[in-house]
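Asks: Residue numbers (the working numbering): 884 to 1164.
No wet-lab data here; the hints were simulated from the structure.
Be aware that one or more of the hints could be misleading.
Below, in silico cross-link-like pairs of lysine-lysine (DSSO-like), each with a Cα-Cα straight-line distance of 27 Å or less [claimed, not checked]:
hint, residue 1, residue 2
1, K1031, K934
2, K1034, K942
3, K1026, K1011
4, K942, K895
5, K895, K970
6, K1002, K1031
7, K1139, K897
8, K897, K951
9, K1028, K934
10, K1052, K1028
All values derive from a computational prediction rather than experimental measurement.
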Amino acid sequence: MIRLEHDHEARKTKPFLLRQQLQSLLPNPSLVADAMQVPSGIAILAPTPAKAAEILQYKDDIERRFGKAVVERQESWTTFIVGPLPKQVTTMDEKEDPLDGLILQEPGLASIRDEIPIKRIAWKNRSKESSDLLGQVRIHIPKTKAHKFPKKLQLFGFAVGIQRIQDRKPIPTCEKCHGFHSTRTCARQPMCKMCGTESHEGSCAHPIRCLNCRGPHESTSISCPARSCRKNGAIVRPSGAQLRHIRIVGRREFIKAHPHENTQESTPTETCANDSNFTTC
884 MIRLEHDHEA
894 RKTKPFLLRQ
904 QLQSLLPNPS
914 LVADAMQVPS
924 GIAILAPTPA
934 KAAEILQYKD
944 DIERRFGKAV
954 VERQESWTTF
964 IVGPLPKQVT
974 TMDEKEDPLD
984 GLILQEPGLA
994 SIRDEIPIKR
1004 IAWKNRSKES
1014 SDLLGQVRIH
1024 IPKTKAHKFP
1034 KKLQLFGFAV
1044 GIQRIQDRKP
1054 IPTCEKCHGF
1064 HSTRTCARQP
1074 MCKMCGTESH
1084 EGSCAHPIRC
1094 LNCRGPHEST
1104 SISCPARSCR
1114 KNGAIVRPSG
1124 AQLRHIRIVG
1134 RREFIKAHPH
1144 ENTQESTPTE
1154 TCANDSNFTT
1164 C
């Protein structure tokens, strides 16, 4: 993770260029699988935890390159939903938003703060936008301390409910053909995750191209627009019409990045990576 100031110039950089810049700083470009803009700066995605640790060895080089930046290992956080709480609390002087500081002074939370660091407290979006007098807040704490978070709390005279947000399982990505399904049941031929053609030995010398959306990024990129997503707990895949549109846009982006490359539909990338990549094997 590269922590950046709100108005840092690097926040304007596109993800593909970010990844190229980071890869150029490291002796082994494969350490960086992808990079993306996030609210706190830039998230660097490594293929494995070991490679993530190796990236940290070059934190000084990355900080010098970006300037006014802090490179650190991203810690895992657990979120608890707490409420209902009054959205305005009447004090001796005036009415206040309890999240302006009062909530951390409540005995229920003040008594655990030394043992459980509270990273952030914020109203849920639905509560923030609602005209209701009561709302729910999100409390973020380190994942390693989640088991110590109290099962019961009383805040501002209210006995509040506590719900832990469970981690979602990642969308399955085939390690063989890099479609969005299980590797165990895949009967397709192996594909190169870098260029989207049939798998080949040695390092890939072809331009990077996704076999799922046809854009100029690796097929394993989690920011791929063709990637399935979760909705109400179910995996939702792009429809045929959506996928065709995504690939049209992806081809345009690839041509912009590599204007001299042959992008005919008869290439291995186009014939092998058909719509069936988005069904379960």
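Asks: Need the list of violated hint numbers for this structure, in ascending order.
Replies: The structure breaks hints 1, 2 and 5; every other hint is satisfied.
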